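Residue numbers (the working numbering), protein chains in the order written: chain A, 11 to 147; chain B, 25 to 90.
Source of the hints: derived by calculation from the structure; they are not laboratory data.
Being a predicted model, the structure only gives us computed values, none of them experimental.
Heads up, the beta-carbon is just placed ideally off N, CA and C, and yes, glycines get one too.
Distance condition first, Cα-Cα at most 20 Å in a straight line; then the derived EDC-like pairs of lysine to aspartate or glutamate:
(1) B:K30 to B:E87
(2) A:K144 to B:E58
(3) B:K71 to A:E85
(4) B:K35 to B:D45
(5) B:K71 to A:E83
(6) A:K144 to B:D45
(7) A:K82 to B:D45
(8) A:K82 to B:E58
(9) B:K30 to B:D77
Incomplete in silico selection of chain A near chain B, CB under 10 Å:
(10) E80
(11) K81
(12) K82
(13) E83
(14) D84
(15) E85
(16) R86
(17) M87
(18) I89
(19) K144
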Amino acid sequence: MRSFIARTYGGFLPNYFKIIGTLLSGLTLLFITAIKIMGVDISNWDRILFKTITLDCIILGLLILVLTKEKKEDERMTIIRFKSLAYTFILAVLFVLLKPLQDMFFYKKIIDVPGQVLMLIMLVVYLTIYLFQKRIR
Amino acid sequence: MKNLVKVERAKRDMTQQVLADVTGVSRQTINSIEAGRYIPSTVLAIKISNVFDTTVNEIFHLEKHD
Numbered sequence: 011m012r013s014f015i016a017r018t019y020g021g022f023l024p025n026y027f028k029i030i031g032t033l034l035s036g037l038t039l040l041f042i043t044a045i046k047i048m049g050v051d052i053s054n055w056d057r058i059l060f061k062t063i064t065l066d067c068i069i070l071g072l073l074i075l076v077l078t079k080e081k082k083e084d085e086r087m088t089i090i091r092f093k094s095l096a097y098t099f100i101l102a103v104l105f106v107l108l109k110p111l112q113d114m115f116f117y118k119k120i121i122d123v124p125g126q127v128l129m130l131i132m133l134v135v136y137l138t139i140y141l142f143q144k145r146i147r
Numbered sequence: 025m026k027n028l029v030k031v032e033r034a035k036r037d038m039t040q041q042v043l044a045d046v047t048g049v050s051r052q053t054i055n056s057i058e059a060g061r062y063i064p065s066t067v068l069a070i071k072i073s074n075v076f077d078t079t080v081n082e083i084f085h086l087e088k089h090d
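Make the full structure from the sequences, and use the hints.
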């Protein structure tokens, strides 16, 4: 008899969505990298729109990875998910608190962090902590 | 918390995968329990004990610092 929490928060998307999430984030990153390496002239492009779309694609891909079920979802995976979420939240708060200090030290002015960038950082941190906890021997 | 899951499993010549399948968890969870890295829930502890046809107290033991 699985607990309510294990049933509800054990991941929502079928396991094969991992491929979709990885491809979406990976291909977008590859696209951005290719544009930089090939020196494509993007001065005529709407930079804000381009940046928004590419960041959103990466964020969506990572979100799909976060929401995908493991092959075998059990109580230990649920606990790992919650721990990862807790650590990510704490690190995000520390990041927001300490970044202005770092900006003042290095740049002598405070630089705003766009919401998309913060979300991207949180998703990357969550996945890193999650994968690390899964693989601890 | 100490446990005798590995010992009981070995007595019955049972693999981690078989125990995992019977109790409805992943092999990694059984491995983590045996290594002492994960403390199972009450439900899982009872399931494991039932597989070995014994009681929870005979499989899982509290340590002094628990």
